[in-house]
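Per this note's numbering, the very first residue in the sequence shown carries number 216; after that it's consecutive.
Please keep in mind that the hints were generated in silico from the structure rather than gathered at the bench.
Any given hint could turn out to be false.
Claimed, not checked - Lysine to aspartate or glutamate pairs mimicking EDC-like chemistry, simulated, CA-CA at most 16 Å apart:
1. K549 to E505
2. K436 to D256
3. K436 to D463
4. K376 to E357
5. K436 to D454
6. K361 to D435
7. K426 to D266
8. K376 to D358
9. K344 to E367
10. K515 to E295
11. K450 to D319
12. K375 to D300
13. K375 to D463
14. K351 to D319
15. K344 to D300
16. K218 to D463
17. K218 to E518
18. K426 to E367
19. K410 to D454
20. K515 to D542
21. K545 to E570
22. K375 to D435
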Amino acid sequence: MEKIISDIIETSIRYGSMIGANCCVFRDGRELFGGSFGFSDRENNVPMSRDRIFRLFSLTKPITSAAVMILFDRGLLTPETEVADIFPEYAQLRYLCSDGKVRDFDGRLSVIELLTMTSGIPYANNFNKSVCAAGKLFDMVEDSIKETGCGEVTTEQLCKKAAEIPLSFRAGERWDYGISADILGGIVERVSGVKYGDFLRRNIFEPLGMKDTGFYVPRDKRSRLAGLYSWQDGKLVRDHNNYLGLTDYSEPPAFESGGAGLVSTIDDYAKFACMLANRGELDGVRIMSERAFSYMTSPKLTETQRASMWERLNGYNYGCLMRVMTDVEKSEIKTCNGEFGWDGWTGTYFCADAENRIAVLYFTQICGAGTTYEASKISTAVYDELTRK
């Protein structure tokens with residue numbers, strides 16, 4: 216296994232499609248492989264190491280899902296809880312019809328639609344009235360950050376403002392990736408009565424010993440933040456931009472994004488992944504009940520909803536802010552049915568399953584990377600070695 220994984224990553228670095236990466240593989244909570252490759256900061260010759268801090272982007276979402284499961288366990292939320300019961304601004308939503316007109320939505324948006332990305336609240340990545348409104352929302356956040364450094368728009372204020380965005384479709388009709396997890400972060404904050412970051416710290420990060428995970432990087436850890444790169448003219452170059460209404464991570468942000476805002480090390484996130492691979496518990500510390508774990512990692516979409524998922528997710532259904540393998544024969548990634556996980560925009564990735572008690576993590580920092588070729592090949596190789604020999 217070690218040679219196969221090393222060859223995959225080192226070949227990519229040699230051909231210029233990767234700057235640096237961390238990778239580790241666990242079974243039963245025990246590390247079977249761990250390695251650092253290439254550079255964390257190529258321009259200053261800083262090698263990659265296990266203590267490098269990565270921008271998680273959408274790998275934040277599974278942690279937000281876990282936070283919601285904790286509130287399920289405590290009886291403070293249910294899948295059927297209506298968002299308007301938490302934020303009254305969602306009582307009178309509108310949606311975009313196929314004819315381009317915006318009409319009043321006569322249904323109700325519930326927590327389950329947010330968890331399954333069937334809410335219709337979009338990211339600003341297309342061109343229609345809904346996504347243009349979402350774009351203006353993040354423009355507002357970014358303008359606030361430029362003025363103050365950490366921003367003035369809070370998580371709660373963003374959630375309230377997002378209620379003005381016309382839904383891309385009637386909630387529940389189909390799957391579409393959007394800012395649902397950010398709304399859930401605000402819901403956790405309001406229901407728990409503490410800031411979202413404080414809730415995560417007290418209920419997930421501290422119990423699991425995730426000491427380097429949070430919404431910003433303290434001054435004494437700034438030197439460990441991995442460099443961010445993007446493709447320009449066919450080459451990877453250093454990227455110093457901020458994205459999705461996020462700051463430069465130097466100060467605690469006003470808006471704590473439940474969809475994309477966290478930073479972490481691969482060792483920290485491995486604790487979270489291994490907790491899930493062990494059905495909600497790690498080293499005697501239970502984060503969520505087995506019932507909540509099963510709910511979080513079981514497929515939720517109907518065939519109609521599933522039809523609108525990205526082609527790269529062939530073979531997968533969707534659970535609570537994570538993909539769930541249901542037909543490994545149709546998937547490019549050959550893991551096993553029941554495997555779950557997600558990736559981040561900058562190439563942070565994990566997959567795990569409770570049946571085989573496996574967790575695979577691959578972290579890099581390239582804008583637009585998502586599930587990389589390397590992550591796919593490594594996951595397949597791990598499952599070939601551990602489950603199919």
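Going down the list of hints, with the structure as the test:
1. A threshold of 16 Å between alpha carbons decides the hint, and for K549 with E505 the separation of about 26 Å lies outside it, so the pair is violated.
2. Under the criterion of a C-alpha separation no larger than 16 Å, the hint pairing K436 with D256 is consistent with the structure, at around 15 Å.
3. Of the supplied pair hints, the one linking K436 and D463 holds, its CA atoms being roughly 13 Å apart against a limit of 16 Å.
4. Taking the CA atoms of K376 and E357, the gap is near 14 Å; set against the 16 Å cutoff, the hint holds.
5. Straight-line distance between C-alpha atoms of K436 and D454 comes to about 20 Å, which puts the hinted pair past the 16 Å bound.
6. Between the alpha carbons of K361 and D435 the distance comes to roughly 23 Å, so the proposed pair goes past 16 Å and is violated.
7. For the given pair, K426 sits about 11 Å from D266 by alpha-carbon distance, which is consistent with the 16 Å threshold.
8. The straight-line distance between the Cα atoms of K376 and D358 is roughly 15 Å, inside the 16 Å bound, and the hint therefore holds.
9. Pair hint K344 plus E367 does not hold up; C-alpha atoms about 26 Å apart against a cutoff of 16 Å.
10. Taking the CA atoms of K515 and E295, the gap is about 14 Å. The hint holds against a cut of 16 Å.
11. Of the supplied pair hints, the one linking K450 and D319 is violated, its CA atoms being roughly 47 Å apart against a limit of 16 Å.
12. Simply put, K375 and D300 have alpha-carbon atoms about 13 Å apart, close enough for the 16 Å limit, and the pair holds.
13. Using a Cα cut-off of 16 Å, the hinted pair K375 and D463 is violated, with the two alpha carbons roughly 24 Å apart.
14. Of the supplied pair hints, the one linking K351 and D319 is violated, its CA atoms being roughly 21 Å apart against a limit of 16 Å.
15. Proposed proximity of K344 and D300 is contradicted: the alpha carbons are some 26 Å apart, above 16 Å.
16. Straight-line distance between C-alpha atoms of K218 and D463 comes to about 36 Å, which puts the hinted pair past the 16 Å bound.
17. The straight-line distance between the Cα atoms of K218 and E518 is roughly 40 Å, outside the 16 Å bound, and the hint therefore fails.
18. Simply put, K426 and E367 have alpha-carbon atoms about 26 Å apart, too far for the 16 Å limit, and the pair is violated.
19. A C-alpha spacing of about 30 Å is found between K410 and D454, which places the hinted pair above 16 Å, so the restraint is violated.
20. Restraint check for K515 and D542: satisfied, since their Cα atoms lie roughly 14 Å apart, inside the 16 Å limit.
21. Note on K545 and E570: the hinted pairing is violated, with a Cα-Cα distance of about 20 Å set against a maximum of 16 Å.
22. For the given pair, K375 sits about 35 Å from D435 by alpha-carbon distance, which is inconsistent with the 16 Å threshold.
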